[in-house]
Amino acid sequence: MTISSTEPARDAEATQNNNSGVESTIPTIRVSNVSKWFGDVVSVNDVSLEVRPGLTGLLGPNGAGKTTLLRMICGLTRPSGGEITVLGEQVQNNPELYRRIGVMPEHQSTYDFMSGREFVELNARLQQVPDVSEAVDKAIEQVDMQDAQNRSLGGYSRGMKQRMRLAAVMVHDPEILLLDEPLSGTDPRQRIEFQELMDRLAEEGRTIMISSHILEEVEAVADRILLLVYGKLAASGDYHVIRQKLSDRPYVVRVGATDVRALAAGLITEPSVESISMDGEGYIQILSRSVRELQIAIPKAAQTLGIRLTRVDPLDDSLESVFTYLSGR
Amino acid sequence: MSQSLGDNPQTPQTPQIKSQPEGEVFDLGYRHYDGPRGGRGTAFLALYSDGLRTVMGLGRGVPAKIMPTIFALLALGPALFIVSLTSFVTLFASDPDEIELPGHEDYFQFTFIIMLLFAAIIGPALLSPDRRNSVLALYAVRPLKSLDYSLARWLAFFTFSVAFALIPQALLYLSFLLYDDSPGGYIKDHGRDLASFIGVGLILAAFMTSLAMAAASLTTRRAFASAGVIAFIFITAAVGGFGQEILTSDEDRQKYRQEHEPFKQHDGPQAPDGDAAHYLQLLILPDSVVEGLTGWIFGSRTEFPISPWWNVATISAITGAAFGITGFRYRKFGA
Amino acid sequence: MSALLSARNVTKVYGQTVALNDVTLDVEAGTTGLLGANGAGKSTLMTLFLGIIQPTSGQFSVFGEDGGDPIHAHRLIGYSPEYECLPPNVSAAEFVMHMARVSGLPRREARTRATDVLRHVGLDEERYRPMGTYSTGMKQRAKLAQAIVHDPQLVLLDEPTAGLDPAGRQEMLELIARTGHEFGISMLISSHLMGDIERTCDRIIVLEAGGLLEQGEVSRYTTDTETLVLEFDEGIEAVAEALSRWGIVSIFEGRALVIEDASPDDLDTIRDVVVETGALLHRLAPRAHSLSDIFRRPVQ
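Protein chains in written order, with this note's numbering: chain A, 1 to 329; chain B, 1 to 335; chain C, 1 to 300.
Isolated chain A (complex conformation) (with noise of 0.2 Å):
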């Protein structure tokens, strides 16, 4: 995915490859120059990005723009500046776009005395989709809700509300999925399946935007995020690849060995290593600024000093730990 953001581009084209594996060229939402304000308060802050088919994560803390942006690309709200296209095409006042976007927002208030099956028709016949009935059944079963499906919706727990949404989003067959908050309320099961179900459907080449908070299911799901702080673009693309690239950060890893002592000794005169300190279990935590020295030292030290490594882990390689590091900036 290209990306052109305010910053110096330095993203390489990272073979990102749906996973159909097919190279798309074509982004499916262009996002240039786009700023919201309301009133004094700037929301979107001139971010330009593109989202391409398969399962792209948008995060940020709260405040950072997100929904804003995501109700801009859906088209109800309009940009005070720059232009959305959806598709090659402009959202708003769009019906035929319409069709081929399904939107899931967070807070959603649903027809409790409506059984979940009448929803998700519901969505089908204002969609209008030409085969109603089957077109419900596939979705709810994408979902797996089919043994619940003709009870009323205010008697669901949150968890099988959210699923009946998303069946309900899905009916249409769209291309172009956008979630905010979607798995809120399940349990790790469901979420697993959820895993499972948007891996299926980017499959088949659609474009989905996930955004939330819970950054360990992000990760497990999303090929690339987006990071939105205070209205502006943070980050783009693979959140290892980001990782990488903030190499003005410190870089800790926490390392195991037959001799840690010894090991440490052999490693604090590397001028990669900047610090060096034990942790209550047996290992060591070796801070540095140059990861790449860092990570031919550590073996060879092991391999000089006749040290076996049993565990090198960086400890701030996930997620979380980019995100809160480039929201504090």
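One thing to keep in mind: the hints can contain errors.
What the hints assert, rightly or not - Chain C stretches covered by chain B per the calculated footprint, using a threshold of three residues with CB under 8 Å from any CB of chain B: (1) 9–15; (2) 77–89; (3) 92–99; (4) 288–297.
Don't read these hints as lab results, they were simulated from the structure.
Glycine residues also receive a C-beta, built at the ideal position from the N, C-alpha and C atoms.
Mind docking chains B and C on chain A? Use the hints.
Only chains B and C this time, still in chain A's reference frame:
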């Protein structure tokens, strides 16, 4: 330890008590609590005093204090007015005894309306917000038994209702007392007045409090409860009024007019002779129930269509039912 | 060690819905996580132990007392519900002090305890402002404060990270971990997020659709396996090839190289191969089981 250089070691020195430098680091970490722990009594008291604060709007920002202030003024204002009227009349009128000044009983007529509004508007603040904010769940896991919460709140509001009813009356009493020629004699002569207004005040306070609490316990929104209380009074008044009209035949009306024309000083409710109408009016219309009761207690009324004990029964029944509703709504609370 | 809370064959039925189905479990001292989806029965279980609702059938005991004498138990328990429960027009300082008093603390001690506890949960000047002006994070802290102000032995927290963004969630989990370990208060934390439980709890109880799925020590579920996972920033193919020449079979899994049944001696070979090929070693670690494995097993 510290001796200045050059001191002669032979010379006996007064020991210079320069103490060792001292320092201490205090543990600011979490401490467990080993102090006294009260039981239901402390909890009850806390709920009661919190209730008092709620009525007065203390610790809840400025907007919460507006209504209580208005009501305080409303309660005292007329009393102060009568007091000044009394002093004016006493001091400047040629024959003070000839002038009829509003007395305790009359004041209660006015007070009834104001107390009603007070109960309706402020009363629910004690129960509805806690329900609305789901704070009750937090109380439910405290050492409280089922009636503790509602009773504590009831008492808090009752305290203010009583104050509302009695303080102005006390003011009146004092002013009458002081402006009388012989205060000592006044006390002796008007003992019944004192007992009466205290009694009626307590009854009214209990009645109003129970109504307000019952309404509040039925809804999470304060405004609905307020509307409910007011509606109760007005609707019963309307029902009673209509019912009374319907049940009174023209004959009865004429008969009544003949017997009671001209009216006496006490412009009480039109009391037709029909039995059904009697009961209807005296049992349903809270304000006339209260009036009848007041008249009876104060002794100003000697004729009653039906025994005033029925009025007592009605008031007690309504109060009891209201209290019961409140208790019922909170029955699952706590233990 | 006797359990703080025990349930034996507890069932709770609401009309058509079975919220809890014949559940038997124990909550011991320490930090215990209650994991399950919304509707799995977590809140029902908690409110049951708290005495707010009664079971349809079955027995339970609280601090050793059958059915739990609420008056006694409530002194030893603190509760922070999932939903909003703070009056918006009152300040945290006033509210927490009031709650302390309702828990039986005398006036002066209530005030000092409230002040201390608010400091420990990290509410500074905000404590004097009405709670309606608080952010979600501050509200969660205030809820925790009123739950521990009377120094209970056990605190029940229902979804304490609900509504928090990642930074807020991190802070809240750290606070909870501190409360459990530093302050020495046992906790029962319910959440539908595994990460919450993993980061704070020693023990775990898993509920699914009203029934008990698992209970035990978290460490039991997160043991290392025999499988080794290698990740490289560069040179992964060279390493795989070199390893195979040494007779070590490795499989590509995404961006990682996985070696099953690795022996300790293999570690030396791996190290030497890495040095030889000049690959950039990003990670070398045994794959650990995770809590999510519980959910990958087929449903009984």
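Outcome of the hint check:
no.	hint	in the structure
1	9–15	violated (count 0)
2	77–89	holds (count 11)
3	92–99	holds (count 3)
4	288–297	violated (count 0)
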